[in-house]
Amino acid sequence: MTTVVNVPPSLDDHSFDDVLRQLATVSADEKVLLDARHVRWASPFGLTALLTLAQTRSERPTLAVPELDETASYWARAGFFRYAEELYELRGNYPKRAGSADSNVLLEITSVAKSEDVHDVVGRIQQKAQLMLRELNLDAKATVGFAMTLSEICQNIVEHAGRGGWVMVQTYRWTKRLGRRVVVIAVADAGVGFRQSLESAPGKERSDRWDDAAALEDAVIRGVSRFRDPGRGQGLAGVRRYLGRWDGKLGVRSGTARIAIVPNWDDDVPLAEHLPPFPGAQVQVTIPERGTPQAPQRTSSRTQR
Amino acid sequence: MHHIDLSSVLRQTVACDLYSNLVTRPTGAAVRDQIERLLDEAHDRTLTVIDFSQVSMIDFSCADEVIAKLLLRYEAANPPREAYFLFRGVTDEHWEAIEAVLERRGLALVLEQADGIHVVGTLTAEERRVWEAVQQLGAAAPAELAKQLGLDPRAIEAALDTLLRRRLVMHVGDDYVVVGAHRGG
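Protein chains in written order, with this note's numbering: chain V, 1 to 305; chain Z, 1001 to 1185.
No wet-lab data here; the hints were simulated from the structure. Glycine included, every Cβ here is placed at the ideal spot set by N, Cα and C. There could be a bad hint or two in this list.
Quick partial rundown of chain Z residues pointing at chain V, CB under 8 Å, derived from the structure [said to hold, decoys possible]:
1. R1032
2. S1061
3. E1096
4. R1104
The shape of chain V in the complex, shown without the other chains (with noise of 0.2 Å):
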């Protein structure tokens, strides 16, 4: 028997959990069917999950992909098919080619699954990240900043997942919350996530409270490592700096729990418990332009283009 998930039209960090919410009672062996077909919109954490969700299946699952044509070409532009005919058996129609590339996919969708992978990551950003940081009026210093801020979250997954996982940068005009444009950087995997990484660590001492929300506070907050080198844990405390400094946001899940330094313009919880599980660990980072915002539009519906 074919579970079929239906994947909302806007596919975003908070959306997903919709689809997870879904499988959250179909053992990893049972075949799904994800229907995208009327996806209109995702963001690059949206793809990238997608992709670490198939993963995840030991029955090869089956995509269908989404019946919009902008939204398909996009999702190509992306390099998302590229990964996903690996991972799904996909059903519909969609561009076998990339095409032209998109002005706003600064990093289409990118394996990263060991060291020189993240070599190759900030080396290809560089020189784009200039470019778009001074169209959001971001000082040239964000630049280094933001280059430091992808290696070390995409070595996250090389240090501490256990197996590969993917990247995707992109900016858009992110009207609904905030009437301006963003950057996003999205990086996923389907590893071990931070619970079971920190448990690893020797002499670990589980607290009365311990599960993923406490792993999550104790890695993003208190930047505690498996490692015992003092010198470990400080990637997410630079990424933290450098995301205060240009009124950024962090969200990061893993298991059942998502955590978030919330800046001013944005009204997510600081802590969510207890949501559908899923492995590994998924990271966002939004910058948003700086300057006068336009009036946020009232309106999910957006369409990929």
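Chain V is already provided as a structure; the job is to place chain Z on it using the hints.
For chain Z alone, kept in the frame of chain V given last:
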């Protein structure tokens, strides 16, 4: 005096010679190993310039591996040799990561900049004051420094011992000089 161009070391240690970024822990560890190999070819007492001029960026993890672990090894109780380091070509682009690891590890280093030599990182107020007095005098004996600063000679000697162990000053004859003031080991 040794000169180590970090971008050259980087190209020798990663597979692709196009990379000019010091990123990731494995890369940092490989670069540090290569630096130590170069130090093995030097005298027992050596001053090495670590040159960042051609490095585009360094991330936190790599800064910890290259800089922090190098400094920790040579300021430890039994270092492999008496090695001093002067950091050159460090820009604002590198500084964020370097500052973070120095702070986290409680370390300090000597920077060569256009306007001269500076000590940066974690020092007590007294260590910093003594270091600056040594720099101002060019070369100084403890008694001279005690007179200059109006401090107890024992406190001066204790601060100098610490600065020497941390490789921020070095002996030249009976005097102390700041690292980088006299280029030669």
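Hints, verified against the model:
1. R1032: For R1032(Z), the interface hint is violated, since the closest Cβ of chain V sits about 12 Å away, which is over 8 Å.
2. S1061: holds (6 Å)
3. E1096: Nearest chain V Cβ about 6 Å off; hint holds.
4. R1104: Check passed: Cβ of R1104(Z) comes within 6 Å of chain V, closer than 8 Å.
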